[in-house]
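Peer 1: Turn these sequences into a full structure, and let the hints steer you where they fit.
Just so you know, the protein sequences line up as chains A and B, in that order.
Here the numbering used here is used: the first residue of the first sequence is 79, the next is one more, and so on.
Here the numbering used here is used: the first residue of the second sequence is 79, the next is one more, and so on.
One or more hints might be untrue.
Here are the in silico distance ranges between beta carbons for each label pair [stated by the list, open to error]:
1. S131/B to D83/A: 16 to 26 Å
2. H137/B to D80/A: 36 to 46 Å
3. G189/B to W87/A: 15 to 25 Å
4. E170/B to V198/A: 35 to 45 Å
Some chain B residues close to chain A (C-beta under 7 Å, calculated; not the full set) [claimed, not checked]:
5. L82
6. H84
7. Q98
8. L153
9. C155
10. T177
11. F183
12. G190
Just so you know, these hints were derived from the structure itself, not from any lab.
Glycine is no exception: its CB is placed at the ideal position from the N, C-alpha and C atoms.
There are 2 protein chains.
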Amino acid sequence: MDWLDHVRWDAQGLVPVIAQEAGTGDVLMFAWMNREALARTAELGEAVYYSRSRQRLWHKGEESGHTQKVHEIRLDCDQDVVLLKVTQLGHEPGIACHTGRHSCFFERLDGGRWTAVDPVLKDPASIYQ
Amino acid sequence: MDWLDHVRWDAQGLVPVIAQEAGTGDVLMFAWMNREALARTAELGEAVYYSRSRQRLWHKGEESGHTQKVHEIRLDCDQDVVLLKVTQLGHEPGIACHTGRHSCFFERLDGGRWTAVDPVLKDPASIYQ
Chain A
79 MDWLDHVRWD
89 AQGLVPVIAQ
99 EAGTGDVLMF
109 AWMNREALAR
119 TAELGEAVYY
129 SRSRQRLWHK
139 GEESGHTQKV
149 HEIRLDCDQD
159 VVLLKVTQLG
169 HEPGIACHTG
179 RHSCFFERLD
189 GGRWTAVDPV
199 LKDPASIYQ
Chain B
79 MDWLDHVRWD
89 AQGLVPVIAQ
99 EAGTGDVLMF
109 AWMNREALAR
119 TAELGEAVYY
129 SRSRQRLWHK
139 GEESGHTQKV
149 HEIRLDCDQD
159 VVLLKVTQLG
169 HEPGIACHTG
179 RHSCFFERLD
189 GGRWTAVDPV
199 LKDPASIYQ
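Peer 2: In C-alpha cells:
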C-alpha cells in the first residue's frame with residue numbers, strides 16, 4: 079500500500095489526525111495514528127487511532143460505543159497531518175469527547191480565562207461502565 | 079497571564095494548533111505555537127504561529143498578506159491542542175495554504191491513492207514575490 083509511504087511519519091512513526099464532523103463541520107477531536115492505524119481506518123471505514131498513553135491501537139468507540147464512520151481521509155500540503163471527515167455514531171447528537179461532550183474543544187478563552195462553553199450530553203460514568 | 083499556564087505544552091514547549099474558517103467550518107491548516115505565539119495571537123487577534131523549521135514566531139500572512147483574524151481560541155479536554163476559529167483574509171475566497179489553495183488539506187484518498195481535489199486559487203509565485 080504505497081499511499082501509506084506518501085505520509086511523512088514523525089520520528090515516532092506517528093502522524094497527527096484531526097477528526098471533523100462531516101455534517102456540521104465541527105472539529106470533534108485530535109489524535110494520532112501510526113501506519114497500522116491509518117491502514118486499518120481506510121480498510122474498516124471507521125476511525126482507528128494510536129493511543130500514545132496506552133501504546134496500542136485504539137478503535138475509537140471500543141469502550142464507549144461512540145465509533146466514527148469515516149467518509150473522507152485527507153492529507154495536508156506537507157503530507158504530515160491527516161484530516162478525517164466522519165459521522166460520530168452511538169449517540170444523537172454525537173459524542174466524541176470522553177467528558178461526554180460533542181467535541182473535545184469545549185473550553186473557550188473569554189476575557190483571559192478558559193470557560194467550558196459546551197454541555198455534557200451524557201454522564202461519562204454511564205458511558206464507560 | 080495564568081491562562082497560558084493552563085495549556086499543557088509539550089517537551090519542546092509547543093502546542094498543536096488547528097485553524098478552522100469561522101464562516102464555512104473548513105479546516106484550513108495545522109501548525110504549532112509556543113507560549114509567546116499564543117500570547118501574541120490573543121493580544122493581536124491575528125494568528126501568530128511558531129515555525130519549527132525557522133525556529134521563530136511566524137505571524138501568518140507576514141509574507142503572503144494572507145493573515146488570519148481570530149474570532150475564538152479553544153482548548154481541548156486534555157489542554158494540549160488549540161483550535162482557532164478564524165477569517166482568512168487577503169484574498170477572496172481565503173487562501174490559507176502556501177500552494178495557493180483555500181485549505182492545506184487538498185489531498186484526498188481515493189481508491190488507494192492521494193488525489194489533489196481542490197483548485198489553486200492563486201499562483202504561489204505571485205503570492206510570494
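Peer 1: Taking the hints in turn, state whether each one holds.
Peer 2: The hints, checked one at a time:
no.: 1; hint: S131/B to D83/A: 16 to 26 Å; in the structure: holds (22 Å)
no.: 2; hint: H137/B to D80/A: 36 to 46 Å; in the structure: holds (38 Å)
no.: 3; hint: G189/B to W87/A: 15 to 25 Å; in the structure: holds (22 Å)
no.: 4; hint: E170/B to V198/A: 35 to 45 Å; in the structure: holds (39 Å)
no.: 5; hint: L82; in the structure: violated (10 Å)
no.: 6; hint: H84; in the structure: holds (6 Å)
no.: 7; hint: Q98; in the structure: holds (6 Å)
no.: 8; hint: L153; in the structure: holds (4 Å)
no.: 9; hint: C155; in the structure: holds (5 Å)
no.: 10; hint: T177; in the structure: holds (5 Å)
no.: 11; hint: F183; in the structure: holds (4 Å)
no.: 12; hint: G190; in the structure: holds (6 Å)
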